[in-house]
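Colleague: One-letter residues, chain by chain:
2 protein chains.
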Amino acid sequence: MPSRFDTLAASLRNSNLDAVILNPGPTLTHLSGLHFHLMERPVVLLFAPGQKPAIVLPELEMQKMVGQDMQTFPYSENPADWDAAFRAAIASLGLDGKRVGVEPRQLRLLEFNYVRNAAPAADFPDASSSLAELRLRKDPLEVQRMKRAVEIAQNALESTIPLIKVGMTEREVSSELVVQLLRHGSEPEMPFSPIVSAGLNAANPHASPTDRKLQRGDMLVVDWGAAHDGYISDLTRTFAVGDVDEEYAKIHKVVQEANAAGRAAGKPGATCASVDKATRDVIEKAGYGNFFTHRTGHGIGMEGHEEPYMRGDNMQLLEVGMAYTVEPGIYLPGRNGVRIEDNMVITENGAESLSDMPREMRVVG
Amino acid sequence: MPSRFDTLAASLRNSNLDAVILNPGPTLTHLSGLHFHLMERPVVLLFAPGQKPAIVLPELEMQKMVGQDMQTFPYSENPADWDAAFRAAIASLGLDGKRVGVEPRQLRLLEFNYVRNAAPAADFPDASSSLAELRLRKDPLEVQRMKRAVEIAQNALESTIPLIKVGMTEREVSSELVVQLLRHGSEPEMPFSPIVSAGLNAANPHASPTDRKLQRGDMLVVDWGAAHDGYISDLTRTFAVGDVDEEYAKIHKVVQEANAAGRAAGKPGATCASVDKATRDVIEKAGYGNFFTHRTGHGIGMEGHEEPYMRGDNMQLLEVGMAYTVEPGIYLPGRNGVRIEDNMVITENGAESLSDMPREMRVVG
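Sequences listed follow chains L and G, in order.
To get our numbering, take the position in the first sequence, counting from 1, and add 22.
To get our numbering, take the position in the second sequence, counting from 1, and add 22.
Be aware that one or more of the hints could be misleading.
For identical chains, the list gives no copy identity; a pair is met inside one copy or between any two copies.
What the hints assert, rightly or not - Computed cross-link-like contacts, SDA-like style, restricted to lysine to any residue with a CA-CA straight-line distance of at most 25 Å:
#1 K275 - V386
#2 K299 - P126
#3 K187 - H250
#4 K275 - V165
#5 K169 - A292
#6 K299 - S375
#7 K275 - T94
#8 K120 - N135
#9 K120 - H228
#10 K299 - T29
#11 K289 - N100
#12 K187 - N371
#13 K299 - A102
#14 K120 - N139
#15 K235 - G252
#16 K187 - R205
#17 K120 - P142
#18 K289 - E99
#19 K187 - H206
Source of the hints: derived by calculation from the structure; they are not laboratory data.
Here the structure is a predicted model, which is why all the values come from computation and not from measurement.
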């Protein structure tokens with residue numbers, strides 16, 4: 023089996039790139055197994071096919087390099103020394119004047135400026151698609167890790183549901199859910215902090231939990247996930263707090279149907295756009311098209327948001343091993359909202375949902 | 023009282039900058055109160071003194087803008103539309119050809135490329151120091167929030183200590199600590215995932231918790247923090263798991279003395295370098311200078327790592343309200359390590375430690 027660096031080398035050659043630079047993030051971890059935090063000390067991995075990978079890093083991180091077959095360019099705590107470490111690494115790989123791919127969504131000006139200063143004649147084209155390609159089709163081990171991350175998340179929410187009461191704040195529900203995620207085995211470094219939003223806050227798809235107390239009649243959106251062995255889950259269920267307005271029960275039903283249609287639409291050879299259309303058609307037909315304000319989903323794996331994106335304009339074809347969310351929603355501004363989200367993976371015959379927690383409207387409180 | 027935007031305007035004029043661009047992060051939140059996550063959809067706040075701030079953001083985040091006095095440039099889910107939103111915002115503020123400051127540690131190429139395409143004749147100097155200035159001196163309300171974040175962290179670790187047993191893994195201790203942080207009131211979005219490292223892993227200052235089980239004779243380093251109202255704490259204590267080697271008890275004592283010397287060294291008008299020297303002198307005198315491989319500390323407030331940095335080469339003068347960590351350590355490669363970290367704030371008369379949890383070597387397990 024070729025190493026992931028070999029796969030990257032082939033992908034770079036296809037894209038006519040001489041090298042790539044990566045800062046801490048999922049691509050660096052996927053390739054090397056190394057974990058670094060994004061901080062004020064720049065860390066950059068440089069890879070040029072046919073050469074040993076090079077890494078510029080703080081001296082105090084050097085112990086992470088034991089067992090790695092890389093050239094290391096450590097620097098001291100004094101920022102005045104950092105430039106020299108970058109220059110030595112760039113010179114060692116001979117990158118000046120070359121086409122050095124970057125990952126704009128991840129790379130900061132902090133790292134980029136050091137690299138550019140050391141390679142003033144280089145070009146820095148966007149290598150996002152070559153790099154995304156590396157992680158696009160999940161192998162069986164990756165799918166197994168994602169399944170476990172889903173399982174942990176589902177178990178954690180099931181343990182939280184009986185504790186949810188009218189009068190609790192969104193923050194309290196969110197904290198309790200995090201406790202349960204940890205108890206059920208999530209890694210402490212979670213993919214994202216759970217969204218717990220109720221009533222008018224549920225009308226905001228990206229709400230942060232507030233001190234607002236749960237009230238009877240609220241819809242309660244819980245968007246949460248777990249991390250397991252570097253892979254994550256990202257799910258949403260929407261609950262009714264006591265009796266809710268008839269319209270809210272209706273939009274819940276519409277969203278549930280849209281979610282089912284979106285889950286059914288995925289298969290090898292289908293476009294991402296067709297998955298988006300499947301959910302959107304259901305919501306539009308029910309008269310709520312204007313209140314479904316976001317795309318149907320995003321890729322998932324080591325990150326919460328990665329390729330492929332389930333958007334109406336994305337004609338990318340689904341392939342076996344691609345994994346993504348299906349998460350239609352209806353948001354009634356100033357009133358309430360509903361979203362139902364599952365994690366899918368494309369199989370030979372269609373799309374499998376990794377998540378199976380009940381989707382119908384359950385009553386809490 | 024001038025608004026934070028007024029303070030920024032004055033600071034930009036002093037630095038001869040016409041404007042500044044910010045992506046999601048503590049500076050944006052400090053200025054505006056707005057929270058966004060860094061994701062694949064770029065969000066940028068543009069500010070030019072004398073004009074209403076402008077923000078480019080996804081349509082689905084527009085509900086966050088209620089009550090904000092800003093020009094908004096929302097874009098749809100289709101990335102083909104994003105460039106136009108950036109161009110409209112840049113044009114509205116007239117930024118092309120101007121000196122537009124950036125924050126390299128925060129800004130990604132993703133956001134920067136959109137801005138640069140829309141303002142090809144602009145310069146983009148590093149505005150980090152003007153921006154750091156905004157958050158450098160904590161006001162009493164900020165100090166109060168930091169104190170609360172320290173209190174939550176200390177209470178959480180005190181609740182965790184009795185649960186720590188020989189045979190538990192580092193990961194299990196870390197998860198339990200996170201549970202206790204939440205129970206004691208930390209915001210779910212924590213400053214960082216606790217470092218729990220024992221034995222030879224404790225010799226790595228930036229270790230991530232592993233499945234290694236605690237053994238008698240280990241030193242156990244716990245580096246943890248809480249978040250409260252947007253402010254954080256960042257503390258470290260080191261424990262002995264049962265009886266430990268005499269040398270480990272000795273280095274614990276040395277680090278404790280170095281920590282005390284570092285805490286005592288802070289006062290208005292002292293240099294950051296003098297705080298670093300105070301801790302380092304103690305460790306060097308004890309013969310372990312080569313094993314204290316990092317700076318003495320970093321600024322703290324909304325972020326774990328911000329200005330001012332306690333480094334031997336930093337001649338910056340401390341002023342009332344500056345807040346920072348004092349965290350000397352000794353790391354014996356392949357064997358064990360010790361670090362003791364407190365959070366300080368400069369007062370009229372010296373430096374106050376916000377943390378007061380016992381620092382002597384306690385035995386656990």
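Colleague: None of the hints should be skipped; say for each whether it holds.
Modeller: Status of each hint after checking the structure:
In this homomeric assembly, K275 and V386 come within 25 Å of each other (Cα to Cα) only inside a single copy, at 17 Å, whereas the closest approach across copies is 53 Å. With identical chains, the CA atoms of K299 and P126 are never at most 25 Å apart, being 29 Å at best within one copy and 39 Å at best between copies. Taking the closest pair of Cα atoms, K187 and H250 come within 25 Å of each other only across two copies (24 Å); inside a single copy the shortest separation is 29 Å, beyond that limit. With identical chains, the CA atoms of K275 and V165 are never at most 25 Å apart, being 30 Å at best within one copy and 48 Å at best between copies.
In the homo-oligomer, the alpha carbons of K169 and A292 lie at most 25 Å apart inside one protomer (23 Å), although the nearest pairing across protomers, at 55 Å, exceeds that limit. In this assembly of identical chains, the alpha carbons of K299 and S375 lie at most 25 Å apart only when taken from the same copy (18 Å versus 58 Å across copies). In this assembly of identical chains, K275 and T94 lie within 25 Å of each other by CA distance neither inside one copy nor across copies; the values are 56 Å within and 34 Å between. Proximity of K120 and N135 under a CA criterion of 25 Å is satisfied in both settings, with 16 Å inside one chain copy and 20 Å between copies.
For the homomeric pair K120 and H228, neither the shortest alpha-carbon distance inside one copy (41 Å) nor that between copies (34 Å) is at most 25 Å. Taking the shortest Cα distances, K299 and T29 never come within 25 Å of each other, neither inside one copy (33 Å) nor across copies (48 Å). In this assembly of identical chains, K289 and N100 lie within 25 Å of each other by CA distance solely across copies; the values are 23 Å between and 53 Å within a copy. For a Cα distance limit of 25 Å, the shortest separation of K187 from N371 qualifies neither inside one copy, at 42 Å, nor across copies, at 49 Å.
For the homomeric pair K299 and A102, the shortest alpha-carbon distance between copies (19 Å) is at most 25 Å, but the shortest distance inside one copy (54 Å) is not. In this assembly of identical chains, the alpha carbons of K120 and N139 lie at most 25 Å apart whether taken from the same copy (14 Å) or from different copies (23 Å). Taking CA atoms no more than 25 Å apart as the test, K235 paired with G252 passes between copies only; the shortest distance there is 20 Å, against 34 Å inside one copy. Taking the shortest alpha-carbon separations for K187 and R205, both the intra-copy value of 21 Å and the inter-copy value of 17 Å come in at or below 25 Å.
With identical chains, the CA atoms of K120 and P142 are at most 25 Å apart both within one copy (10 Å) and between copies (24 Å). In this homomeric assembly, K289 and E99 come within 25 Å of each other (Cα to Cα) only across copies, at 23 Å, whereas the closest approach inside a single copy is 51 Å. For a Cα distance limit of 25 Å, the shortest separation of K187 from H206 qualifies both inside one copy, at 21 Å, and across copies, at 20 Å.
The structure fails hints 2, 4, 7, 9, 10, 12 (numbered hints given earlier, in ascending order).
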